[in-house]
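Chemist: So you can see what is in the structure, the chains are spelled out below.
There are 2 protein chains.
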Amino acid sequence: MTSKKNIRISDAVIRRLPRYRRCLETLMREGIERISSGELSDRIGYTASQIRQDLNNFGGFGQQGYGYNVQSLYDRIGEILGLDRKYTVIIVGSGNLGRALVNYAKYQQWGFYISALFDVKENLIGTTIRDIPILAYETLPDYLAEHSVDIGVICTGKTSAPEVLQKLVDGGVKGIWNFAAADLVVPKGVSIQDVHLSDSLSCLTYYMQHPEDSVR
Amino acid sequence: MTSKKNIRISDAVIRRLPRYRRCLETLMREGIERISSGELSDRIGYTASQIRQDLNNFGGFGQQGYGYNVQSLYDRIGEILGLDRKYTVIIVGSGNLGRALVNYAKYQQWGFYISALFDVKENLIGTTIRDIPILAYETLPDYLAEHSVDIGVICTGKTSAPEVLQKLVDGGVKGIWNFAAADLVVPKGVSIQDVHLSDSLSCLTYYMQHPEDSVR
Chain A
1 MTSKKNIRIS DAVIRRLPRY RRCLETLMRE GIERISSGEL SDRIGYTASQ
51 IRQDLNNFGG FGQQGYGYNV QSLYDRIGEI LGLDRKYTVI IVGSGNLGRA
101 LVNYAKYQQW GFYISALFDV KENLIGTTIR DIPILAYETL PDYLAEHSVD
151 IGVICTGKTS APEVLQKLVD GGVKGIWNFA AADLVVPKGV SIQDVHLSDS
201 LSCLTYYMQH PEDSVR
Chain B
1 MTSKKNIRIS DAVIRRLPRY RRCLETLMRE GIERISSGEL SDRIGYTASQ
51 IRQDLNNFGG FGQQGYGYNV QSLYDRIGEI LGLDRKYTVI IVGSGNLGRA
101 LVNYAKYQQW GFYISALFDV KENLIGTTIR DIPILAYETL PDYLAEHSVD
151 IGVICTGKTS APEVLQKLVD GGVKGIWNFA AADLVVPKGV SIQDVHLSDS
201 LSCLTYYMQH PEDSVR
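Going down the list, the protein sequences come from chains A and B. Mapping to this note's numbering: the first sequence position 158 is 158, numbers consecutive. Mapping to this note's numbering: the second sequence position 106 is 106, numbers consecutive.
Extracted from the complex, chain A is given alone in its bound form (with noise of 0.2 Å):
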């Protein structure tokens, strides 16, 4: 743990990793074993400049003339992403967002465990999605006195947004994943992300009237 608690790594490049590791999974499978920061550049995009500069953020990995061992890179993005453990999540709104997350199996194998759903609708209360079950929102301060949850995610209204955030954090969950068109404000020591999905289309517009413009 003492080498995590020394990085300090701009939020630019945290954005960045994600995308670092996905093409390293995508190399695994095609069974490379170590590439050069000019060839990930090919496939990414960023330069190979780029590139040695955000990986030695993290500790010097590549070597002159030899590259990048492809599943040590993929292993320490990971761990420095906090990927190398397991997550409980609970997800407040079951519409078809909340829907949407619980069917995409791949954050189970990615090691987030979805425990329930809550919903203040009557008629699905007590119903499962993929086993798991929705539970009435009125109990969710009783269930986090009962569980253990790392991860909260806000899949309702942005009227409700707040309140829900409130409960979250009075029930000692750390992490939310917030998608509602919500700016929330959390208490020091939670953490949160949000999607805001209208704020990437107004991005889109704003690149398709100026399409010369564009980044990746």
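A few of these clues could be false.
The calculated lysine to any residue pairs, modelled on SDA-like cross-linking and capped at a C-alpha distance of 25 Å, are [what the hints assert, rightly or not]:
1. K174/A with I44/B
2. K174/B with K106/A
3. K106/A with Q209/B
4. K106/A with I44/B
5. K158/A with N103/B
6. K158/A with C203/B
7. K121/B with E138/B
8. K158/A with Q108/B
9. K174/B with L197/A
A few chain A residues facing chain B, derived, Cβ under 10 Å [claimed, not checked]:
10. R19
11. Y87
12. C155
13. L201
14. M208
In short, the hints are calculated from the structure, not lab data. Cβ atoms here follow ideal geometry from the backbone N, Cα and C, with glycine treated the same way.
Position chain B relative to chain A; hints supplied.
Modeler: Just chain B, lined up with the frame of chain A:
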């Protein structure tokens, strides 16, 4: 259109604009007509100097001692983001995610008209979601030949995504909103925004290990 063409704004600024716009929308609902960069800072969490710098990128809206006119700034940001016009949208893949997007009725209000979904599943073809028809995927090229479509949303699996992209591009679609976990390459003149949900989740688990580094 001339003023639009002269704008060259960094991607980081573009990504912050939708958040400004959301904040301004809330202010409008609250009946607030003017706001200073300091007050905006309290609401949005960026520093006042960051805000002034961002907004100066596309012309000085603020007046010393007066602040920003909320409605004008909201309109101007919308214009810059290309949200002052209408877009025809089709969605390829009518699973939970595709459905979640269709059911998010706000898109309609914002000027995004979903005209059709496409799927390969026989039992879905010919049905509708919110009156929007689900058509056979094999008819996509013909559909694109007959209809003008601005944005194609890829809600298929990773494996089909490159082929879907090719069909959309061949059919003249200039904006791609990609939800598949694939890093797609688009030709010049076509814009793409990826929503890689797993990337966002990986950033969350990073920040859960390093809560002290958390940024918004």
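Chemist: Which numbered hints does this structure break?
Modeler: Violated: hints 2, 4.
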